[in-house]
Each structure stands twice: as C-alpha cells, then as structure tokens.
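Asks: Listed in order, the protein sequences are those of chains A and B.
Quick note: the first sequence uses this note's numbering, first residue 1, plus one each step.
Quick note: the second sequence uses this note's numbering, first residue 1001, plus one each step.
These are computed hints drawn from the structure, not numbers from a lab.
Source: prediction; values computed, not measured.
Ideal Cβ placement from N, Cα and C applies to all residues, glycine included.
Check each hint, because a few of them may be wrong.
Facing chain A, from chain B, some residues (calculated, C-beta under 10 angstroms) [said to hold, decoys possible]:
hint, residue
1, Glu1100
2, Phe1105
3, Gly1120
4, Thr1233
So you can see what is in the structure, the chains are spelled out below.
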Amino acid sequence: MNQIPNSIRLAWRNLKVNMDPASLVVIIGLPAMYLIFLGSMFVSIVSDFSVNGVTFNYTSYLAPGIVAFQTVMAGTIGGSMLWLDRKFGMFSQILSGPFSRSQYLLGIMIATTTASFVGAAVMIAISIPLGTHIFFSIEGLGLVLLNLVVGAIFFCSTMLYIAAKVKTNQMYNSVQIIILFVINFVSDVFYPITSATPLPLRIVSYINPLTYVSDGIRAGLGNPIYFMDTWKPAETLVLLLETAALFALAYRTYSRVKISTS
Amino acid sequence: MTLQQSVNSPKAVDYENAISVEGFSHTYNGREYVVNDISFQVKKGEIFGMLGKNGAGKTSTIKVLTTLLQPTKGKISVLGYDVTKRGKEIRKRIGVVQQEVSFEFTTVKQNFDLYGFLWGVPKQIRDKKRDELVKIFGLEDFLKTSALELSGGQKRRVQVAREFLHPMDLLFLDEPTVGLDPIMRRRILDLLKDKAKNENLTILFTTHNLEEADYLCDRIAIMDKGRLLALDTTENLKRRYGETKAIELILSPVDGMLPSYETFFSQLREIHPEVEIARQPEGDDPAIIIAKNPEKVIETMIALTAVQKVKLEWLNIRKSTLEDVFIQTVSPDEGEGTY
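Given only the sequences and the hints, what does the whole structure look like? Please build it.
Replies: Given below as structure tokens:
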C-alpha cells in the first residue's frame, strides 16, 4: 500500500468522499433520467431515420450524447472536490502532508476521469434495453475513451477554475448551474445542430466542447457507416486545443488559491 | 513491528535543532510585515510554545515552517531541510494540526481511515491506532456519526486525534485546544507530554491559554505584532518578571459616584511611574497592577482613596503568573487581526 503513488491515493480518497448515495443520484441519476425520460418520450415523436440501409431511432442518437454528458457531470465532481476541500479545511490540511499541489490536482483529474468512465458504462448499460443500437469496435472504443478523458479534463478544468475563483457557496452553485445549463442545451447532445438552428446558438454549439465530445462518442459507439462519415478528426483536434487552453487557465488559477491564513 | 517501522519513513539528514529560524520576516502585501525579523531554535524532543495575541504572527510562522507559505526573508530549516527547497521532504516527516477545523464530510470512522490511507499507513495498523485514539479522545460513540453532525469541539478532537495515525518527528499544533472542555484539554496535553518524553517527538504549540503553555512547554516565545518579544523557559520568564507582584483591586464609591479608574491610575503613576496597569477592571474581574514595590504602591493607593473619595473594595497581592508576564510583554490590544 505504501507504494501507491500519492496522486492515486488522493484520487481514491476523492472518490470515497464524493461517491456518497446522494451524490451518485445526481451524477448517475440525472443523466439516466434524461436518457430514460427523453428517450421514451421523443422516440415516439421523432421518426426513425435510415442511413445506408441502417435504421436509427431517437435513443440511438441520444444515448451517445448522454454518455458524453457524463464528462460534464464528472467535471462537476472535480470542481466540488476542490470547493469542498477549501470549505472544510482539507485543502490546506492535505497540502501540509506529503503531497504537492500538482499531485492534489492530478488526484482530482484521475478521480474525475474515473467517474466519467463509470458513468459512461452505466449510461451504455441503461441505453441498450431502451432499444439503442450500440456498435462496439476497437477503434470506436478508443475514440470513446479518448473523448471521455479529454472531455472530463475540459469540464473538470472549467469547474476547478470556478471553484478556485469563487468565495461563497451560493456563487459556486449559481455559476455551476448556469454553465451546466448552457453547456448541455446549446450542444448536439439532445438534438442535431442543423442549418435550421438559430445562428447564435449554432455558433455557441460549435464552440461548445460538449458538441465535439458527443460527436466523437457517437462516432465511436454508433454505426460507423453513418457516424464515422459525419465525424471529422478536426473536431477532436479542436477539443484538444480547447482543453489544453482551459486546463492551463485552471492550473494558473488553482496555483494561486491561497491557503487559509486564519 | 511498531508503527514507525511499518510505514515508509525517509531518513532525514542529521540535524541539531528540529527547527532553526534566522532573521525570518514575512509579508503578504509587500508593505506590512506580519512577521518581522525573528530568530529562534527548537531542539529535538522539545515542546516549544508560541504565545501571542491574534495577529501576532504565530500562524504565519507555522505556515512557513510547514512549507505552506514561502518566507519573504530569512533562513529557515526544519528537520535539517531548507523550507524553501525541500518542502516535500519536510512534510513527509511532520504532523500539522491547523488552526481551522478540517474534516472529511464522511463518518468519523472514515475520517480516520481516509487520513491514515492518505499517509500510507497500512490498514491493520491504522485500525489499531484508530481504536487507541478514539478511546483517548473519547470518540468511541461517534464512529458512525457523520463529521458534519459533530459539535465544534468534537470535530476538533477528530482533527487532533487523526494526526497521531501517522509517524512523525515534529508536530505543529496551532491552537489545538480551542473549543475543548478542560478534561479533554488536559488529556491532550498529557498525550503530547508523553509523546515528547517517550517518542522524542518535537512539538511546536501555539495557544492563547497561558496555563496550558505553562503546563506543557519547555520553552516559550512571546510574539507581538510580528516580533519576538521574549524567549525562555517558563520558569525563567516567570523569574525574570517574578521580581514584580500583581496587585488586584476593585474600587467602589463612597458617596454614590462611580469611581474613575482612569483618574486613579493616572495619579498613581504620577507617584509611581514604574507601575504597569496590566488590566483594566472588566465586569467582576479586578484591575491588575504590576509593581516591584507593592507595599509602597499600596500605601499610595490608600492615600489616593481618601483624596478621590473612593474605597478599596477588594485588594489582593500575588506572585506574577505567566499571564502577567504575557500581559506585561505584549502591547495593549488595538483590535484583532488574524495572520
């Protein structure tokens, strides 16, 4: 046990502290409800569509989007880890132990990525009985994992930035809710971005990394005949660049988080 | 196998003093120094107390010694390592009980388990240590309780107790007994004494409670406004100021007029400029005057009562305590700050 790297120890501790039943209901339950309720409701309204001889229903479109949405939910856990540690004094307590700031941050990132993997697996498991067509392939799985990791890092960085900046609980919750709302609903998680989408929303959607994460996951999990054609590697490149930029910003802000002098 | 042997503990460099501080100053804003050119050493196995009002610079000093802050100026080594270069090596070998209460929002049992896990203490050992510590700290009935539901004092007990899960050579405690009842305070002080004596643990301890410092510490540093005003053994400090006596007094009116302590003390100091007004009366607590020649001062006071039409309702002379030393040493309160 003593040989376990510090960042893994911290990640395990983060998961143990944050994975209480109430948190799991929000982290897993909320996306699961989106998947079940929206999937059940809209599948009867939105017509099935056929591409290259393969017929898709709405849940086949929605499910990969909800898997991508897990990266957002995982990111919120990451931000909460820092925020709660600051609030309950554990941030400075941990840093007065044998851990560096970088290890603390890495511990959060590992825990966040793990949460996004677990959440994604649960969403895939729920989506299958709902009639979702999931196509597994080695390449597809690689693309899914890549997008889950990069997405989790992006959204974790976003939430860490907020957690490092704000000073009150109310502010943290308010900012988080607003950001979550915009990220989720101005993306192609629930509906495709088409020429019919109002231009301002289309622009925001194409800036929104969740759009790229969900495109990548659709390409990885969906039928390659259709989705691989619509997904472009450039999307992942944009996602990587956006993630690198936000991670750098979050790291800079996090590095300046003062240790309480009370 | 002892706990110390069972947990990977890096071998420290040889060092004579557990803490060595030379010309240390610290500022947060580049203008005002919260710690100003202090120097001291703490020997291995010593219990070293830091006394001072809020804002004296004690917590900032601890933050620097525990490598959470970089010093603005000065040369500081802890366990033989330079705090500016070898922070991680230092933090592997120290325990820190910070002034702010810290806890995981899990059960008390998980708080112990997670903290021990973070420090790499094997499960068997951390379970054994936890069972010992919960008994000492009276936490047996709270193991399944969420730390969020504990009172402030109970949270503090968890925070102090868990620090003893992992091995260390040096323990920093920043006002660890705040919010604890007298029995628990004494139990913690006895545990600290035992650790210093039997395990050669070096302890740096800050407190506002002077009786605690008197009971626990081998040497005491008194800080005020970032400066080190006095540093010696408790006995020497009391001896140094022991030539003085503390006169406690309460005045009462003769003709119904409220007595003016201000006028009374002002006239007293005209005759005896050497006396210190250590404390003004507060509620039922008497005023305290520190004097080297109490008999003469009392004679003058009796004479003044006739002039000012007041009477001495209560008068007591006693030896100076550490509290008197502290009050004499530090400046009057000018509002509280936290540094």
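Asks: Next step is simple, just say for each hint if it's right about the structure.
Replies: Evaluated hints:
1. Glu1100: Hint on Glu1100/B: holds, closest Cβ of chain A at ~5 angstroms, below 10 angstroms.
2. Phe1105: holds, 6 angstroms
3. Gly1120: At 4 angstroms from the nearest chain A Cβ, Gly1120/B passes the 10 angstroms test, so the hint holds.
4. Thr1233: violated, 29 angstroms
Violated hints amount to a single one, hint 4; each of the other numbered hints is respected by the structure.
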